[in-house]
Amino acid sequence: MSPLPPFGRLLIANRGEIAIRIIRACRELGISPIAVHSDVDGDALHVRAADQSERIGPAAAAESYLSIEAVIDAARRSGVEAVHPGYGFLSENPAFARAVEDAGLVFVGPSAAVLEALGNKLAARRSAAEAGVPIVPGTTVALGDDTGPVEEIGFPVMLKAAAGGGGRGMRRVDAAKDLRLAMDSARREALAAFGDGTIYVERMIAPARHVEVQLLGDRHGSLAVLGERDCSVQRRHQKLVEETPSPAVSPKLRTALFESARRVAATVDFHNAATVEFLIDGDGNHYFLEMNTRLQVEHGVTELVTGLDIVAWQIRVAAGEALTADVLEASSRGHAIEFRLYAENPYDDFRPTAGRVTAWRMPDGPGVRVDAGVDYGTELRPEYDPLLAKVLVHAGDRPAALARMRRALDETRVGGLETDAGFLRWLVDDSAFASGDYDTSLIASRWVHGPALTDEEASLASAAAVATRMEGTTERPAAVPETGSNWGRLARREALRR
Amino acid sequence: MTDYEVRIGGERRNPAAGWTLVWDDRAQGIGRLVNGTASVPVVVEGDGSDWVVTLNGRRISVNVLTRRERLLADSASVERTQAGPTIVKATLPGLIVTVTVEVGDEVAEGATLLTIEAMKMQNEVRAPRAGKVIEVTVAAGQVVATGASLLRLD
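So the sequence lines, in the order shown, correspond to chains E and B.
Be aware that the first sequence starts at 1, since it is given in the numbering used here, and climbs by one per residue.
Be aware that the second sequence starts at 499, since it is given in the numbering used here, and climbs by one per residue.
You may find that some hints are simply not true.
Claimed, not checked - Cβ-to-Cβ under 8 Å is the rule here; a few derived chain B residues that face chain E:
#	residue
1	VAL504
2	ILE528
3	ALA536
4	TRP549
5	ARG566
6	ILE594
7	VAL595
8	VAL599
9	VAL623
10	ARG624
As the list claims (entries may be wrong) - To be clear about the criterion: a stretch of chain E counts as covered by chain B if any three or more of its residues have a C-beta under 8 Å from a C-beta of chain B, and this derived list gives those stretches:
#	segment
11	255–269
12	413–419
13	456–466
I should point out that these hints are in silico values taken from the structure, not numbers from a laboratory.
The structure presented is a predicted model; accordingly, all values stated were derived computationally and were not measured.
All C-beta atoms in this analysis are idealised placements derived from N, C-alpha and C, irrespective of residue type, glycine included.
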């Protein structure tokens, strides 16, 4: 570690688990972490973990965590030297990166020019192809009204937004007759989400694995390739579970992926953590999807197998430090899996839910890491991402990591709101996932809406409920678990106070 | 246990015999069902007749009814089916983006009433049955919690 802290104070322009993760890195580097919060986050975990927090506006993200003006004001007020954007929110916004630089501060991320170049997925596709990296067959120019280019590729196809991300503006089209309608709605969605309705088309790769390569670059031209992550367990084109190494990647494919990732990275002048994402088809061919020059949600699995602190290194390279030999020659040990605990109902299309956390116990013990953004009593806000916590396990090999994941899930206890824990507990014993031979269709084809409640589960749940009710007739629990609407809860709490 | 009738999703269920509930943390409802050497982790929340038991990560709504409550519940559901307006409630929390209907509109079953944006998704709220809109309790731009009433159908 460097003898002097890279910065005196650093502003974390985010909330939830990732803000806490960055605060932890700051503590270890000797940096004073400064948080930001909206009106409803004044007492949030990330605020309590920081040395100080600046209010940046009302609950709506657009007026607080997404407001460049408010965040820059907070940075000026608190006298920080650097700003870490985390992931999501302003992390890939070139205007924000520029505003941070214009304020005379260091942006923990790439330059605005790099964000602009990579933010346009279509332009990124072109530069990857020019660098000799295979891209998914399709158009490299914007799709006009002419459906000819799409029909040439052959169905099924994926329509994608040039300014895309997070699955928005994305449409699968199976037949020519559905094309026109899908193009219109993809354009509308892209325009609403990104202010840019430009779309392009790619051939549908199915079955496919979604694999990404973790990179770390410094300001001195060094680039570390820190292994791959398999992110094929997805719903709504968004990741739920990630593991490294990927069970689908052979040593030969790994070499090819790393080479492609290096080539894509060389098309831009970047210094930061970054990932290059690929699809892998059934024959082991890989195709470039996109490059993200920010911290990924799932960075932790790479940290577990390499022993490196990616967040600390992001901050150190932002301060101008050079990557050391132990980073550039890092090797991996064992197998790591991350599962994301979301406030979502997996039995109802993973629909987001909200509420108050009335029970919260996270797993512990050997090889288990928890990055949580909530705690017992937290009221989950509908304005923000429903990620509750990331649970990561590390073990000597994949079977041992699966056993550890099962044990960790059995120790995980959450009450008060719907979570995807039921899906995760099913996944660990699913034969496709357990064998490692699965693809991005796993949830749609194997889980669907989840298995029906078994008689055994029903009778055990009944026994637990009856036992609690019978006991409750003589002794009330210390904190009455609450059900129903937020307004109902509030009214009940008011009533109890009187 | 004979005093209680248990229903899950409206269906009668028999509590598993021989299992004892042991609390790890009573205040949070974190415990284990124990039967000899077998142990099943559970989270229990609720009160009165409405309980939720989390088992293997799955939340299961369980009604535990006394005879008196059973009779009341049965008569209430009969009343509801006979007459009276239907209150359409939010099934997820979020921001009301658009309200498609106005007071006085006749809507068909399945017609879009309004759109709620939650996290990254736009969700259409549809009419559970045909009827006339007699009250709209929310407006575009408003944030609603799960269970909040949105409008009433006559």
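Structure-based check of all given hints:
With its C-beta approaching chain E no nearer than about 4 Å, B/VAL504 sits inside the 8 Å limit, and its interface hint holds. The beta carbon of B/ILE528 comes within 5 Å of a beta carbon in chain E, closer than 8 Å, and the hint placing it at the interface holds. Using the Cβ-Cβ criterion of 8 Å, the hint placing B/ALA536 at the interface with chain E is not satisfied: the shortest such distance is roughly 10 Å. About 4 Å separates the beta-carbon of B/TRP549 from the nearest beta-carbon of chain E, less than 8 Å, and the hint is met.
The beta carbon of B/ARG566 comes no nearer than 14 Å to any beta carbon in chain E, farther than 8 Å, and the hint placing it at the interface is violated. The beta carbon of B/ILE594 comes no nearer than 11 Å to any beta carbon in chain E, farther than 8 Å, and the hint placing it at the interface is violated. Interface hint at B/VAL595: violated, since its Cβ lies 10 Å from the closest Cβ of chain E, which is beyond the 8 Å cut-off. Checking B/VAL599 against chain E by beta carbon gives a least distance of about 22 Å; that is not within 8 Å, so the hint is violated.
Taking 8 Å as the C-beta contact cut-off toward chain E, the hint placing B/VAL623 at the interface is violated, the least distance being around 13 Å. Residue-level restraint check for B/ARG624 is violated (minimum Cβ-Cβ distance to chain E is 15 Å; threshold 8 Å). Judged by the Cβ-Cβ criterion of 8 Å, the segment 255–269 of chain E is not covered by chain B as claimed, because only 0 of its residues qualify and three are needed. Given as covered by chain B, the segment 413–419 of chain E passes the check, having 6 residues with a CB less than 8 Å from a CB of that chain where 3 are the minimum.
With a threshold of 8 Å between beta carbons, the proposed coverage of the segment 456–466 of chain E by chain B holds, since 11 of its residues qualify and at least three are required.
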